[in-house]
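K.L.:
Each chain, letter by letter, is given below.
There are 2 protein chains.
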Amino acid sequence: MNTEQFAITPRWVICVDAENRVLENHAVIVNADKIAAVVPWPEAQSRYHGIQVIDLPEQALMPGLINAHTHMAMNLLRGFADDLPLMTWLSEHIWPAEGQHVNREFVADGTRLAIAESVRGGVTCFNDMYFFPDTIAETAKEMGIRASVGLIALDFPTVWAQNADEYLSKGRELYNDLQGQSMITTMIAPHAPYTVSEEPLRKIAAMRDSLGVGVHIHVHETAVEVQQFLEQHGIRPLARLAEVGLLDDQLAAVHMTQLIDTEIEQLAQTGSHVLHCPESNLKLASGIAPIARLLDASVNVAIGTDGAASNNDLDMLGEIRSAAFTGKNAAENAASLPAEQLIRMATINGAKALGIDEQTGSIEAGKQADLATIDFNRIELQPVYNPVAQIVYSANRYDVSNVWIAGSQLLSAGNFTRYPEQALIDKARQWGERIQSTRITG
Amino acid sequence: MNTEQFAITPRWVICVDAENRVLENHAVIVNADKIAAVVPWPEAQSRYHGIQVIDLPEQALMPGLINAHTHMAMNLLRGFADDLPLMTWLSEHIWPAEGQHVNREFVADGTRLAIAESVRGGVTCFNDMYFFPDTIAETAKEMGIRASVGLIALDFPTVWAQNADEYLSKGRELYNDLQGQSMITTMIAPHAPYTVSEEPLRKIAAMRDSLGVGVHIHVHETAVEVQQFLEQHGIRPLARLAEVGLLDDQLAAVHMTQLIDTEIEQLAQTGSHVLHCPESNLKLASGIAPIARLLDASVNVAIGTDGAASNNDLDMLGEIRSAAFTGKNAAENAASLPAEQLIRMATINGAKALGIDEQTGSIEAGKQADLATIDFNRIELQPVYNPVAQIVYSANRYDVSNVWIAGSQLLSAGNFTRYPEQALIDKARQWGERIQSTRITG
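Here the protein sequences come in this chain order: A and B.
Taking the working numbering, I'd label the letters of the first sequence as residues 1 to 442.
Taking the working numbering, I'd label the letters of the second sequence as residues 1 to 442.
Worth double-checking, as some hints may not be accurate.
Chain copies aren't distinguished; within one or between two, either way the pair holds.
What the hints assert, rightly or not - Here are the simulated SDA-like pairs of lysine to any residue, each with C-alpha atoms no more than 25 Å apart in a straight line:
| # | residue 1 | residue 2 |
| --- | --- | --- |
| 1 | LYS367 | ALA108 |
| 2 | LYS203 | GLN179 |
| 3 | LYS427 | HIS233 |
| 4 | LYS141 | ALA413 |
| 5 | LYS203 | LEU230 |
| 6 | LYS367 | GLY50 |
| 7 | LYS34 | ALA413 |
| 8 | LYS427 | ASN377 |
| 9 | LYS34 | VAL159 |
These aren't lab readings, by the way, just hints derived from the structure by calculation.
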């Protein structure tokens, strides 16, 4: 008996492959960290003798969700300040609190809490942008989740670096330190065109070429930001990115609520990726990225939750629903953005944007076994006419029952296999009390 | 020891009273079906000796949620047809399936499933509109939930009645039969101005006056509907309601995605209520009711999920979030629709629209003990800076831990006290298989 090998036999396998196959009576064979095969159940029985079978007769197995944009450690600031416009929220609440509290311990504890929340919601990979990315990488490794860590950059000094050059040199150092890590990749992560000026952006383009990694940046989050940039620089932020050589198929541009037709064409022509965070954009009243139009133009659109301080959760199933609802309404077409497309945005499209689609994002032989199941044996999810639509329109993060990352089971029947749940809750509560007691504003 | 009396001592009591008080260190005393008192904990200890204390140190107690518009029995058609425009969805999928399957058994089984889903999500009262309202009333009574049952009316024959007069006479009969029921009220429920013509609407106005009940009707759901009505009748649907005498403080108008300024003024002046169903409207790409403007004009706005066939769930906490997100974005103001207002819309505003705000909708002495708790001892809900914002922006229906309706506990630590969960799931699955196997379309 090969103990490294096991079979999962769900009611449905939602492959998210090129044909969007939804298979019944199939087994997914996992061998160590990889999907060894997806085969009809009778064939599995004859080919794989005596392996462990995880039988899930009322469940759907899908690729793990990929949260394409987040700031994990900000979980400790969840609900710290709500019902405020973006710049007030940032400059009067979030930035002062970060200035007071963000250190390695904050980032480690916040990221741990966020990883546990993510895994219970079916997320097997996240793309982060925050201070102390080395700590984020360590924490992801410790907790067994796949991560793309942002090599952050800003013009101004913070707790992580003093100036653009130091950010980039620390980023290069971290990139080197992480070589050989199988589950942690990096993207260069300048905050935004309005906080990272032209010269460092040009250096980032060069760094991208020398390291061969993608670039993860906030772009066109609000109309005011685009307008101010235009007034100060005579061009729109996206044009600045084009000018410095960053508009290409390694660009993952977050938010993009403000897009004109020629920009959509440019994104399509250059193969740039859009990371859509609908709930954050809506809550901050920033607008809605035109995702139906982007997808029609063949732009790769992935989905992220943004940080829990702005959204206020890391619930990717909720985010998919919000993307579907607001996307259909914005397109004035209920038939646009069908459920199958939403699932792709939250899985394989995220993997593409992060440059890891050969490793993860779908259920196909040879890929990493990053998997999640949805349990339909619930009052809230019956009857089931179409499992894919049911996941998008009815399922909820607590309907996620099992999660495997690189073949290792982290969630079993809704329970963590190895995270210390109450200790994580207690730690978060302590941080909340400390941060609340030293609140400067609001 | 008075066994009919007990105290609940949560971390927070979210009263939803006129002052929007959020109390700490308080006890809510329940006596039989009513809230006897809301008192500081030390006072409770001295005044109420030896009564049972339900101590919930990590939880918030709030009024039960009121689902102000739904079609409960349609739970059996959840996910039957998705990603389609309203009229295609209705005329090619939902209406044919209803024609084949809707009978008393369908309504009883679907409503039971929906009530269980509702209660687990913190809903203590729903406002329904569907065939066999007598069965809906019986089912609500059997399951111990508060309900406002729609005395439905249409121009055309259905399984419930042959013509407008028969609908109204059966409605009057049911109204009479339900006199003396403490937890079941009625509203006259003509489907919409485009399906109930002028003469029956005038009769409904007279019936409203004679029975003293409200009127619950779909109005201005889509732009096409408004345009077609205008072409056929020379006036907009809301003007038709004014013309026949239905535009007053007993009108509860559902959807209202299409509203011009003068109509908002008219609604405010007449004291009419708007029942906002954002997720259904978004999913069908019908637009968004201008709720920030309606609330600014002092129109009472309540929230409903619509039926699970269009939304696709009865999750009021999810609906609140969607209302907040899309309402802020539509108003282009992140500070509009603060969390406190959203909770009001899902509780006391619903009670007002249903004409039962003297009985329920807030935690105040003398009201019915319709209560729900949110358990914050979760990775997904920590830390807690503001419990009200946390409920609106982070909590999820499975975070609802306890539910009491008229003082009777129906949910305890997330588990039903007396509903046969697996039997309800199995019954729904059987209906799903039967309906799927006889599918005419799609």
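K.L.:
Now tell me if each hint is right for this structure.
P.N.:
Verification of the hints:
no.: 1; hint: LYS367 with ALA108; result: neither (29 Å within a copy, 47 Å between copies)
no.: 2; hint: LYS203 with GLN179; result: within (21 Å within a copy, 78 Å between copies)
no.: 3; hint: LYS427 with HIS233; result: neither (45 Å within a copy, 64 Å between copies)
no.: 4; hint: LYS141 with ALA413; result: within (23 Å within a copy, 34 Å between copies)
no.: 5; hint: LYS203 with LEU230; result: within (22 Å within a copy, 61 Å between copies)
no.: 6; hint: LYS367 with GLY50; result: within (23 Å within a copy, 62 Å between copies)
no.: 7; hint: LYS34 with ALA413; result: within (21 Å within a copy, 38 Å between copies)
no.: 8; hint: LYS427 with ASN377; result: between (33 Å within a copy, 12 Å between copies)
no.: 9; hint: LYS34 with VAL159; result: neither (39 Å within a copy, 55 Å between copies)
The structure is inconsistent with the numbered hints 1, 3 and 9, although it conforms to all the rest.
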